[in-house]
Amino acid sequence: MKMDISEQDGVLRIGLVGRLDTPGVDAIETRLTAACVPGAARAIVDLSGVEFIGSLGLRMFITIARALSRRSGKMVLYAPQGFVAQVFETASLGDIIPVRPDAAAALAAVKA
Amino acid sequence: MGSAAPPESPRRFELTLPATRPGFALGFDELRRGLDTLDLEPRARFSAELVFEEVVANVLRHGTRPDTDTRVSVEVQLADGALRLTFLDDGLPFDPRGRPDPEPPSDLEHAETGGRGLMLIRSVSSSMEYQRTPEGQNRLTVLVRGQQRGGPG
Chain R
1 MKMDISEQDG
11 VLRIGLVGRL
21 DTPGVDAIET
31 RLTAACVPGA
41 ARAIVDLSGV
51 EFIGSLGLRM
61 FITIARALSR
71 RSGKMVLYAP
81 QGFVAQVFET
91 ASLGDIIPVR
101 PDAAAALAAV
111 KA
Chain X
1 MGSAAPPESP
11 RRFELTLPAT
21 RPGFALGFDE
31 LRRGLDTLDL
41 EPRARFSAEL
51 VFEEVVANVL
61 RHGTRPDTDT
71 RVSVEVQLAD
81 GALRLTFLDD
91 GLPFDPRGRP
101 DPEPPSDLEH
111 AETGGRGLML
121 IRSVSSSMEY
131 QRTPEGQNRL
141 TVLVRGQQRG
151 GPG
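Those protein sequences? They're chains R and X, same order as listed.
Mind the numbering: the first sequence is residues 1 to 112 in my numbering, read in order.
Mind the numbering: the second sequence is residues 1 to 153 in my numbering, read in order.
Only chain X is shown next, with the shape it has when bound in the complex (with noise of 0.2 Å):
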């Protein structure tokens, strides 16, 4: 037996949800009982809880076709004291990487009230990946800061 800590073994769940507010709703309380079972520090809790509210929010808003009903699946996995979250979508192409955060706003008349979500996202995560893939489908990969409880700093 060498003195390096045996791997941890990777964990992870998976959840889809319809890109409705009511489908929003249900998909958040199956990934907090999922997030649940991971025994994450808190800040890795929040920041995973934070990265879901603003990209199935973005899909909500900005993917959605008229004519087909939208779904996200979101696999989240646990290995290495990483964190990641996988969202895959069948709705219109958008790659999130890039977009310009919101000028700091200097009063309130001025403030733009939108495009904070990524900004939010930037701040807990490091990495973001995103793929178009060649089933039609928005793939975004994004790495989150923090680790499981008791994990290595």
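Pulled out of the complex, with its shape left as it was, chain R reads as follows (with noise of 0.2 Å):
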């Protein structure tokens, strides 16, 4: 499971490459979770290079954007693809974390 981060404008941007599965979770969580948490982030994560999302790929995203939307921060996710879009739309997740078709539609979302 790959990572990058970097900040650009007072926004996060987070590129996931791999898979989220449990391995893939335990890989990144805790980074994710400092780089995003404790400074109340503005952060859209790209998506498109997750290959395998399960349910605790799910359960990571929403711990960590309940953390920030308590510290007035937020995430929006954005272009996940193919069967990871089908895992997102079964779980009803777009309900409580945006989820966006691209870059440009997640940078509008999450300074709204």
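Source of the hints: derived by calculation from the structure; they are not laboratory data.
Glycine is no exception: its CB is placed at the ideal position from the N, C-alpha and C atoms.
Be a bit skeptical, because a hint or two may be false.
[Unchecked claim] Sample of chain X residues with no beta-carbon within 12 Å of chain R, all distances over it, derived: (1) Arg11; (2) Glu14; (3) Phe28; (4) Asp39; (5) Glu53; (6) Arg65; (7) Pro66; (8) Arg71; (9) Ser73; (10) Leu92; (11) Pro93; (12) Met119; (13) Thr133.
[Claimed, not checked] Facing chain R, from chain X, some residues (calculated, C-beta under 10 Å): (14) Arg21; (15) Pro22; (16) Phe24; (17) Phe52; (18) Leu60; (19) Gly63; (20) Gly98; (21) Leu108.
Fit the two chains together into the complex; they arrive one by one in their own frames, and the hints show the way.
Next up, the structure:
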């Protein structure tokens, strides 16, 4: 699981590449939480390189997004592909964490 | 010779992993190598990995005993276009059938963090059978939707 984090105009841009199965979540959850939560970040997360996600990956995003919302931060996910997008739909996650088709739409949503 | 196509020969593999985080990672690699040999269409492939992820994660979270090393055996069988995954573990009894899905979340604050694993299994499977064996093992058999690449619709 690869994770790149950069900041531009006050927005954290996080790119994830690989598999968000249990081993993948174990590999990034602590770093991702530390990058986002203490600073109450506004963060957009590129999921276009994520080829697999299970319930533990969903749980990670819910936990971080909730911690952010309590601190007036925000997380927006974007560009999930194929079966990964279907997992988000099955879990109705888009109702509570914004999921957008591309980076521009995610940026607009995270600044709203 | 009749016109019916010859029956597809069943193909299978099995693996065993310790119910630990390192065991999970190694077992998942082994599962994926095994699935490579079955030439599945992409949806069935993803579904098989999703079922494995959720079932094994459940055993790790809820099924292990503190005083023994729990192991999970997985048999994957492709026969007549159907993909069947059978999980056998010697952990605590756990029948996942009939567990309710979490309520659809109304907002982030009230969203349940867990409970979505079984919902995801149901979404990609056509049947799920559970048995507590006389030997004291959990046996869970999941039939995955989808089939072999180029197989019948």
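> Broken hints, numbered, in rising order?
Replying inline: 3, 5, 12, 19, 20
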